[in-house]
Amino acid sequence: MARFRVCPDSGFYFDRSAESLMKVNAVAGVVFLLIAGLLALGVILTRWQEVHLLPADLFYQVLTAHGINALIFWVIFFEMAVLYFASSTLLRSRLAAPGWAWAGFALMIIGAVMNNVAVLQGNSSVMMTSYVPMQAAPHFYLGLILFAVGALIGCFVFLGTLVLAKDDKTYDGSIPLVTFGALTACIIAIFTIASGAIILFPTFLWSIGYINHIDAEMYRIIWWALGHSSQQINVAAHVSIWYLITGILFGARPMSEKVSRFAFLLYIFFLQLASAHHILVDPGVSSEWKIFNTSYAMYLAVLASMIHGLTVPGAMEVAQRSKGYTKGLFEWLRKAPWGNPVFSGFFFALIIFGFIGGITGVVMGTEQINLIIHNTIYVPAHFHATVAVGTTLTFMALTYLLIPVLFRRALFLPWMAKLQPYVFSLGMTIMILFLLGAGTLGVSRRHWDMDFTGAALSFEYPGTAYMMMAVGGIGGVLGVLGGAMFLIVTVGSLLFGKKLEPSAGLFQGFCGIPLADSVYNVEQPPRLERAEPIEHDHSGGFEAPGTFVLALALLVCFVVYYAINWDYLSSVWPIG
Amino acid sequence: MSSFLPPADRIWWNVPVGKQEIIWAGIALVWCLIMFFMMPYWHVYGKQNLSTEAYQTNAEKYGESVEAFVAEYQTGVEEQSGMPIVTPPAGSDIYMLGRLWQWYPILNLEKGETYRLHLGSMDWNHGFSLQPVNINLQVVPGYEMVINVTPDQAGEFTVVCNEYCGIGHHTMLGKIYVKEN
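As you go down the protein sequences, you meet chains A and B in turn.
Under the working numbering, the first residue of the first sequence carries the number 2, and numbering increases by one thereafter.
Under the working numbering, the first residue of the second sequence carries the number 7, and numbering increases by one thereafter.
Any given hint might turn out to be false.
With a cut-off of at most 27 Å between alpha-carbon atoms, the simulated DSS-like pairs for lysine-lysine come out as follows [what the hints assert, rightly or not]:
no.: 1; chain 1: A; residue 1: K419; chain 2: A; residue 2: K499
no.: 2; chain 1: A; residue 1: K170; chain 2: A; residue 2: K259
no.: 3; chain 1: B; residue 1: K25; chain 2: A; residue 2: K328
no.: 4; chain 1: A; residue 1: K324; chain 2: B; residue 2: K25
no.: 5; chain 1: B; residue 1: K117; chain 2: A; residue 2: K336
no.: 6; chain 1: A; residue 1: K500; chain 2: A; residue 2: K419
What the hints contain is simulated information worked out from the structure, not anything from laboratory work.
With the rest of the complex left out, here is chain A (with noise of 0.2 Å):
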């Protein structure tokens, strides 16, 4: 029987169990971010403090299963999906060991269920961060760490795959870029995923009493390996995204392989620095190991990012100039594909993540800075626009190019889809932008009662801090019911959407059950051959001014915010 199916739409090569294991993961992680987005709505109903929604306990515990649920469980089941799809799919190889991705798959289900079951208990409403010595049930860490070993699973999986395409010479020359993205993002899964448990691992065994105390400080200092770590493996992940998609909506090549591969290297050198940033105002640390983590080794991790922010969209304005798009600086944006939600998706995650996860993440990380935001609302803020709109609505928008591609169906709803993600965007970003206000003026994050009720003593908020934490709650409302219409779109495409021939049964999607036999005739795929030779002529102006300019705007408010930050840090009570 042979291995592969080719897409009659896409022209991708699928190996069959390499698709079964993507559509389960897919599937999966959609399933925890159905979760972690009902979660939400409890949340930010009880913060917007004239609701107040949830009582005490059981907004601590939703708050610490959305987290986790968001966090980890929905982005790496996802990201599992896409390093099976840039190894196997796009080099056309077969997969390595599939037997062994299915037993880390089935690792990772067992311990997210266990965690949430944790969780759900009661006992275990620690946040995510479960900072020792608050301690949560056993099985709540043991869920982690065999979430933990089932997702290492999956990255050697896909380790293995790159050396056997390597082996059956299934492509000519170097891997393809959005494949060399996440490589990227796999090799700093592992160190997280070793950083994970190397404290998870005697956390659970102080919990079921074999060890006797764990260092309080310690467990921060190693926790933040994996818990910033992580997120940085969604930066690699998303940022290979929106090459690939400019690849596929616009026909885009990097503006050159040599600066983005670059830039990835640098993701891999300095990205896992960040753990530092939780650590700046804590006890015992010197200045000098936070001034060199916090910023990256001299901020090397985000000239990457602001490299791949010129050379994404730069290379879809290239691609777009050459197809006649070229009057004045933004024809070429003006005249994009605004109706599909692929491109609209990936554009809106582009932006929020630059312009307010980048920049919000960069002031926050200063080692002074930190003084006046340090687990204000402002955290929150910042890692929704770099997590919860960056990564999220960028694996949206892959969702709905694969869709059709891997489930062969088409889209369920189209008008909703297209309105889809500016429904999040807009929600997301209120939220967003209120939130960083909020914490501005002081307001905690992890926080039931901004009233203190029952309180010894007593404080008030200022008024404007209600104000915000009310229009945050209506854009976090918004950004909910935006999130509701993806999964209405993508449940309702895999129930109801109309059959692309050749197409799967029913129940088909949801298991990772493949396609029917006969669809699978390729022994096979031809070898991947290297992308047309294009001239390199640099002698002219630049390439792509329009988003040249586009840059100079994101640095620009980027000095103008960093600045107004020292200037507030300098108002406030000397200390040393």
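Once you have looked at the hints, place chain B on chain A.
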């Protein structure tokens, strides 16, 4: 197309890079270096730098230091909470501890004086969030952090706990009064 195809040039790292990318990478690098050097610069010329003085301790030991401090300088009791109000001499070592769920004791300070503020936790992680000034510090059990703080405004200030510490987290408040001298 080549973002997901192997590069056109086998030796892709020798292909010359366009002017635009070089200029942008140069600008970005300069900006990154400026941001990097801002941090050491502020250590020299800025007034808000967190000290790195810290000691390993434990709840019992730290609690004793705080109680001794309270016994020596207590000047009153806050009516609403029954919490001791402590008025230490200007420029001295002052103590505050976080525990489930209070910041203890209440401090009475003088504007413009510099104090050595000791912070520690008796149980879990707590967050020292001074409002409405908005200075935020992590208070970690097992560690005693010492920072030099100079209140430059008079008035009533509140310490909010901004690290989640269980079901009563939202009731955990403390007070610092600063009077004109």
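Now for the hints, and whether the structure bears them out:
1. A:K419 to A:K499: OK: A:K419 and A:K499 at ~17 Å, within 27 Å.
2. A:K170 to A:K259: Status holds; Cα separation ~23 Å.
3. B:K25 to A:K328: 21 Å, holds
4. A:K324 to B:K25: This hinted pair holds, its Cα atoms lying about 22 Å apart.
5. B:K117 to A:K336: 61 Å, violated
6. A:K500 to A:K419: 20 Å, holds
Violated hint: 5 only; the structure is consistent with all others.
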